[in-house]
Structures are given as structure tokens and as C-alpha cells.
Amino acid sequence: MGRNPWTRLTQTNVDPALESPGSNPVFRVQDVTKTYHMGQVSVHALRNINLELYTGELVVLLGASGSGKSTLLNILGGLDVPTTGRVFYGHEELSGASTRALTLYRRHHVGFVFQFYNLIPSLTARENVALVTEIAHAAMKPEEALELVGLSDRLDHFPAQLSGGEQQRVAIARAVAKNPQVLLCDEPTGALDLETGRMVLRVLERVNRQTGTCTAIITHNAAIAAMGDRVIQMSSGRIASVDRNAERTSVEAIHW
Amino acid sequence: MTVLTMRGTYESLDSSRDQYYRDTRFPDIWASLEKAPLSLVGDLEAISGVATVTTRIALNANLDVPSTDAPALGRLFSVPENRSASLADIHVKTGRYVDPESPDEAVVSRNFAVANGFTPGDTLRAVINGRLHGLRIVGTGISPEHTYAIPPGAIIPDNERYGIIWIGRRALSSMYDMEGAFNEVLIQLAPGSKERAVMSDLDQVLRPYGGLGAYPRSRQPSHLMVQSELDQNRATGTIIPIVFLAVAAFLLNVVLSRMIATQRSEIAVLKAFGYSNAEVGWHYLQFAFVAVLIGTGAGIFLGIALGQSMVDLYGEFFDFPNLEYDASPVLMIIAVGVSLVAATIGALGSVRRASRLPPAEAMRAEPPASFKPGLVERWGFGSSLPPAGRMILRNVERTPVRSLLSIVGVAYAVAILVIGMFMFDGVDRMMELQFGETQREDLAVNFNRSLSPSVRYDLARLDGVTRVEPFRVVPVRLRSGQLTQDSGITGIPRESRLRRIIAASGRVQPLPPSGVVLSDLLAERLAVEAGDVLRVEVLEGPRHVRDVTVAGVVEDFLGLSVFMDLDALHRLVGTASVSGAFLSVDDHRRAGLNAALKTVPAVASVSSPDQSLASFEEQLDESLLISVFFILGFSSVIAIAVIYNGARVALSERGRELASLRVLGFSRREVAVLLLGEQAITTVAAIPLGWLLGYGLAAAVAAGVRTDAYRIPFVVSTNTFMLAALVTILAALLSGLIVRRRLDRMDLIEVLKTRE
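Chains as they are written, first to last, in the numbering used here: chain A, 10 to 265; chain B, 7 to 762.
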């Protein structure tokens, strides 16, 4: 590694090569394994993963719990590091990067959406978004991001005053407001009922279409797979299959 | 633990002092006189209420101490042949007691011996009755009469130039021409007898023999100093543990309520299995009790260890023999009991909340906490704040009681520092006034007998003397109605430049041509004010009884003084003589002058304010260092406990939130700022409150510490406030740092996976 390989990552303008959709990989995952040691038991969360994700595409990561999909997402998001193998974001290597570099990577390039929203209870919807836009470089206005998720009328509500679906949409607004290159969603509908879940998926779909952000959605719900460009099926820490949908099914047509 | 340390220290000191007094048969009443035959002892023993009478010979002598160029003063006491039956015995530290048959053996006070490097076997030269004697030092000793050895006319101990020397009675009486006579009486009272009545009878018996007035133990100078130290120790030993227990109860409350909040689902499971509310509640109370018992167990252990070391430190200072830390079982029970009560009160509320929840509700995760824009934002200050600032603010405002208690807790830490440091300020101010404003002489010469006023011309002729101002001290009894007070009137020339009467405020009190100026505490004792008339019984010379006007009352801070114009005093007594003189000296010829004064037989002692100040500061530093050590320790512990606990609780309550922020790309530092900002606000808010609190408490201490020996002027310096703030901020930073380490080790993924 050079003296400071992360200077480029901290800039908002990413390598122009990354910006032609569908051509250049945003992520390249090479022979990645991840092993956790819990007491005397070794858990192989990921075994020999090879994968590429591209700009603009919406990928659904499908698998039962324990299949390794969350671990993979955490590694892509800079929350975890592989035990062996290499992970590249554009031309930069994530595997083996410093804590500080990973923090900056998350701050400027990654949007996260979690199953349990993880909003800050002491801040209003607008402030939750502003918290992130203030530290990112070329962020939207919080109001703009909240409009994108249809919450223009709930700007000054606190999380405790919002429904689950609304909270999740605030979380999505918070994730996309920084104009991230990648949007990583871990079971975004897991805690929601069908209708609310659909609304959230619609928002994710629209954001992906409008901003061209490479979006990865983790789910154990096979019905959701139809909305993605590609579906990656995981099982026991391995990629079982990668399928390309001929056409993305609209969220309205999905049932579960 | 603090209960044990502080209170236990007081009790140990108090009980070992009592033991010391018992062992040495510390007298109840002292009386000095000119000279009386031993045959008078029968009359003294006949006084009703007297249990034991001991007579002795006491005198001042010039000592030749190699280590200082100024003459040193020795206070010589005769010690009896039959040691076990007499009062005011001494405790021999090294060497041995004097042999009653020997003509030249002496035991010297330990502090004096240490300050001058004397050891048994050395010879000390003393001028007694104008003749030079060589005294053979056979031992060093201590006595409760001289725990603080303060030279006559001085206000502070001077171990280097003032020594107590005990000599066999036969030897001393022959040196001082006192065979078959005595000039000091010590009395032990019979149980139930009246001190006042005995003293008055005693004065009656001694009057024909030049009695100077009896005084009780409560006015014995050394006892007085020790007593005020102990009183102060008791005061701090009461206040500080109360503050500590309050802080501990608060912390226990917060910790338990937080812990029970995290165990919501476990409580639900227990209740779902059919445990009753009372059983669940009891389970958690037991938990609180176990915590308290472990805590008090460790506390007792540490408290005793710390108490022991504190007692040792004090012991060195007070010089009590057989000083041992001795915490009574009662004290331990009180300590444990108070802790248990504090814990129960703290835990009960949280336990009640937890056991009241219906199981199904308790099994669900807690809903997101409700927030609203706080007061500060509603006042319109919020718009300028970034979201992070609002987070901090709203968290502080969301739990107002807890935040307030935290602020009060830290404020107490600040206040304790202010009080502790205020003592320095007060003493500083005292010294500054005493040595900068009041005592402006270069040397004070005390004669060993009254001399004619013309002696000032002899002194003025000495090489190096640039100004001479004579003074006179006359023992008197002051009477106002039923109230009496023994004292000495100090006569100084009205136009005196070397001695001035200075009030605590720094104001110079002018001396009127007639009438006396009193210390306000003395005026209070006698219930007189300026303009009233006092009856003065002169206890020397023709012993006139005269009425004198109180010309002024001065709020001073050292000793109980009565000042009068020198000429007016001569008229009052009926004779003109002087007891000593204040001198201004040419600095370059000072050494020569000291040597010259050392050879003048009439000169009992020569003291210089500079040297007194230096020796006093040395002593003070030692004792203050002890207090500072404890004050710093205690207040830091309080500040760290409150702040660290606050941050830890916040971390446990909001760990998930903070982990989310880390995931969103906030750096460790930024997240730490969010968490610790709350503590910073607490600290910042607590400092002015603590200043205020400390200022008030210091005023109370200043008003409360008013002894005959000293009153503390009420001044709190800016430095004190700054230092109190600084120490608190450092303690806060330290706690922040500890929490920051925990924050850095937080497992992001783990926190995100779980729901609560």
C-alpha cells in the first residue's frame, strides 16, 4: 500500500471509470473467507467467496439465517474484515485497511439501512438525516432526502412519534442523503408488515433507479428476489447460485 | 469507607488524646505565682473540690543553641522525685528519665531536640538566674502541655528557638534559688467539683504570693490548639461522609435502575413462570444487598487501612504516644447500616418499576424513548446548534433529575476543593496581615524581668539598631458583671510604627490615649462593646482594681488581645516598666546585633517575624499537605465516580445509538464527543454551582472556627476557584478517557444484530 491510499476514497468524486453503469465493478470480492472463533468452536461464516457488484445494479442477497449474507454485507460495508482473501472497492482495497480509513469509507461512500432502523431517538426525522449530511461532502438537503421517501410532512417528528414503516423510510432517507456509491440494506423489511414493507421496497427501488446507486438488499424472503437485477443465493457461507433476472419485477407485483 | 476513615480518625485521635492525658495525668487547672513555700501545699489540698495538687518550679532561661545565631528560649520545669504521684508527667521518647539525685541532668522536648540535632549525651548550655549552667541531656520527651510549643508572646510554635526542658526538682531549685518553694501549681479536680469555684478559691490562697490567676484546661494553649484541630477534624469527618453517602446512594440508584432496565425480559420470563411481584422484587433487592455487602466489606477493609495511615500522619503531627487506629464496632455497624439504607432506597424504586410490568409487555423491547425539544431549544437557542449538539442537550434534558443530581454531585466535589483550599487562603491572609501589617519589627526582644523604660536608650545604642519601641505586657483579670476573663494587656506607644492593631479587613485600628482595644471574640465573651466600662484587676505590682473604658473592638484573628497606650498602662498599673522592645535593624549589621543580644543577661528571647514565619510555614506545609492530599483524593473520587458513572450509564443506554453512528461513518472521536458532551455539560454546569456552594460552606467554616487561638479570615482567592475547577476538569477528563476506551472497543456488528 502507498502512503495514503485512502485519499481518493475520502473525496466525493469517485474514479470516473466507476460511473458507467453495468460495466465496471464497484466491488470485487476475491477468495474471501471469514472465520469466527467462539470459544473453542470455529464458525466458517464465509467460505471462498468470489463476487463482483456493478454500478447501478440492484442485487438481492438471498439466504437462510446463518448463510453468511450479513457477514458478506458487513465486509462490503467496511464493518468487518475478511479472514483471508481480498475485497476491492473500485481500485482501493478494503481488506486490511485501517479503522480510520474504513470509517471515512463508510462516511462518504456507503449508505446503510438496517432491520431495526437504528434512528437516533433524540433527533427528529430531519435532524437524523442532517446528522449524516453534515459530515458528508456532496449531500442532499435533509428535506430533499425525506421528500424522496415521501415524508415531507413528518420532518419534525421524533422516532417515537413515527410508525415502523415511517422510521424505516427515515433510515433510507438518511442512507441516501449523502449520495452514496453503494446502498447496503440488511433485512430492511424484516420488522414490517406486507404493505409497509412494500412501501419501503418501492422507495429503495426508486432511489436505485433515480440515483444509480449500486444497491444490495439482504433478505431471507425469496419473493423479494424478483425485484433485483441479480439474485445471489447464499447457503452455509458459500454462494450457491447467481441468477440474472431478465427484467426487474415491479414491487407492486410482489407478494408474500 | 469514608465514614470509617474520617469519623474513625477523629475517634481514634480523640481517644488516644484522652489516653495520653490520662497516662500523663494532665491537670485540670494551672496557676502561676511569684514564689510560695512548700508549706502552702496543705492549704491548697484543703480547697474543696481539689483531688491532687502538684507544685513545680517553672522558669525561662536563655539557651545557647549552636545552630542559630539568635538566642533561644528554654522553658524549664522541675520534675518531681516521686514521678507516679504527680500531675503533668512526661512521656520519654528516647534515652531515659532524669535521675532525681543528679545535679545537671535534663530531658528536652523532642521537637526541640530534633530541630537542633540534640541527642542524649549532648550538653546544653543555659543561663539561669544570670549564671551559666551546663545541662546533660539524658533523654527526649513529650508532654501534652507542649504538643504545640508556643514561645511566650508568640502566636505560633517555634521548635528551633523554643525548647521545653525538664530538670530534677532538687537540681532546678538550687539553680534558681527556689529551695523549699514553688511558683506553679497544677490541680486535678475531684469528680463533680466546680472548676470555677476551685479556681476562685485557689486565687484567694495564692494572692499573697503573687498569684497570676488560675486558668482551666480549656485555656491551656497547647490543649486549645489540639482541640481546635480535633474540632475541625470532627466537622470534616461529619460533612464529607454525608456527602459521600449521598453520592453513593445516587450512583447505586442509577446503576440498579439501569441494570433492571436491561433485564426487563428476564423479569418477564420469571413472571411468566409464575413468580410473584414480591418474589421478583426481593430477588433484585437481594442483589442490591449483595452489592452493598461486597462494597462495605471492601470499604471496611480500605477504610481501616486508610484510617490507619491517616491516623499515623496525624500522630506524627500531634505527637501522641500509643496512637493507634481503632474503629469501634459501633462505627462499622453505622457505616454498613447507612450504606444498606442508601442502597435499599436507591434500589427500591427501580425494583418496583420492574416488577410492576405485565410479563408480555416486559418481554417486548422498550419502545424508542420519547424526546421533545428541550427548554433551551424552546428558548430559541437550538436553531444555531448542529444535530449533535441537540442530541447532547436533549439527553441532558430528558432525565432532568438525574442530570441535576449529577451536577450537584460534581458541584460538591468542587465545593470540597474550595473549602479545602480556602483554609490556605484564610491562613495566607492571616499570615499576610500578621507578618506584613501587624508585626513590622525586625526583632522582638523579651526581657526576663520588668525593666525601667529607660532601657530603650541602651537598646538604641546597640550597633545596628535604627528604631526602638518598648512594650509592656501586664497580666490582668477582666470583669464585666458576672463575666471574667484572664488576659494580658499589651501596652505599646500610641505612635507605634512597628506594631499596629489590624482588623481582619486590613483596616488599621487607631489606639486611643486612654481605654483599651479588645479582640471582638474577647468583647463577645465579656458581653461588652465600645463605650462600655470594664473592671480591670491588675495581677502584678500593687494590684490595683480600676475601671477602664472599652475604646474599641477590633475584629482580629489571632489570640485574644487587649491593647492599651503604653503611658496609659503605666498609669493603670501605677509603675512604669517595660517587658521588651520591638526593634528596627540595619540588615547588614543584624548578625552582629544578634550575637550582642545573646550575651545580655536581661534578654530572655529574641524573635524575628521572618524566622517565625519561615518555621511556621514549614510546619503548616506539613499539616496542610496531609489535608490537601485527602481533599484532593476525596473530591476527585466524587467527581470521577459521578462523571464516570454518568458516562457508563449513557453508554449502556445508548450503546446501540452510538454504534449506529459509528456505522454511519462517525469517527471514534466524534462519537466520544457525543457521549461525553453530556458529561462536559454536567461538569461545566457544576463548576459555578460548586463555587457558590464552596463559598457558602467556607463562610460557614470561617464563622464556625472561632477559637481563642485563631479565627480564620474569610477570603477565597481566585486561585482557589481556578484550582478547584481545574482539578474537577482533570477528574472529568480522566473519567472521559476511561469511558472512551470502552467506546473504542465497542463491537459494532454485535450491537447492530441485537434489538435492544
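Warning: the hint list may mix true and false statements.
[Claimed, not checked] Under 10 Å between C-beta atoms, here's a sample of chain B residues computed to sit facing chain A:
(1) H97
(2) K99
(3) S376
(4) P393
(5) M397
(6) I398
(7) L399
(8) N401
(9) R549
(10) H550
(11) G639
(12) V643
(13) G671
(14) F672
[Unchecked claim] Which bits of chain A does chain B cover? Going by a derived footprint, with three or more residues having C-beta under 8 Å, they are:
(15) 38-47
(16) 56-70
(17) 131-145
If you are wondering where the hints come from, they were derived from the structure by calculation, not from laboratory data.
None of these values were measured; they are calculated from a predicted model.
The beta carbon of each residue, even a glycine, is placed where N, CA and C say it ideally should be.
For each hint, the structure was consulted:
Interface restraint check: H97(B) against chain A, minimum CB-CB distance 66 Å, threshold 10 Å, status violated. This hint is violated: K99(B) has a C-beta 64 Å from the nearest C-beta of chain A, more than the 10 Å allowed. Contact between S376(B) and chain A, as hinted, is supported at the beta carbon level, the nearest pair being about 4 Å apart and thus within 10 Å. Interface hint at P393(B): satisfied, since its Cβ lies 4 Å from the closest Cβ of chain A, which is below the 10 Å cut-off.
Taking 10 Å as the C-beta contact cut-off toward chain A, the hint placing M397(B) at the interface holds, the least distance being around 5 Å. Hint on I398(B) holds. Least Cβ distance to chain A is approximately 9 Å, under the 10 Å limit. The beta carbon of L399(B) is positioned within 10 Å of a beta carbon in chain A (closest approach about 9 Å), and the interface hint is therefore held. The restraint placing N401(B) at the interface with chain A holds, with a minimum CB-CB distance near 6 Å, inside the 10 Å limit.
For R549(B), the interface hint is violated, the least distance from its beta-carbon to any beta-carbon of chain A being 84 Å, above 10 Å. Using the Cβ-Cβ criterion of 10 Å, the hint placing H550(B) at the interface with chain A is not satisfied: the shortest such distance is roughly 83 Å. Checking G639(B) against chain A: minimum C-beta separation of about 36 Å lies over 10 Å; hint violated. For the restraint placing V643(B) at the interface with chain A, the shortest Cβ-Cβ distance is roughly 31 Å, beyond the 10 Å limit, so the hint is violated.
Taking 10 Å as the C-beta contact cut-off toward chain A, the hint placing G671(B) at the interface holds, the least distance being around 3 Å. Interface hint at F672(B): satisfied, since its Cβ lies 7 Å from the closest Cβ of chain A, which is below the 10 Å cut-off. With 0 residues having a Cβ less than 8 Å from any Cβ of chain B, the stretch 38-47 of chain A misses the three-residue criterion, and the hint is violated. With 0 residues having a beta carbon nearer than 8 Å to a beta carbon of chain B, the stretch 56-70 of chain A misses the requirement of three or more and the stated coverage is violated.
Counting residues of the stretch 131-145 of chain A whose beta carbon lies closer than 8 Å to any beta carbon of chain B gives 10, which meets the minimum of three for the stated coverage.
Violated hints, listed in ascending order, are 1, 2, 9, 10, 11, 12, 15 and 16; each of the other numbered hints is respected by the structure.
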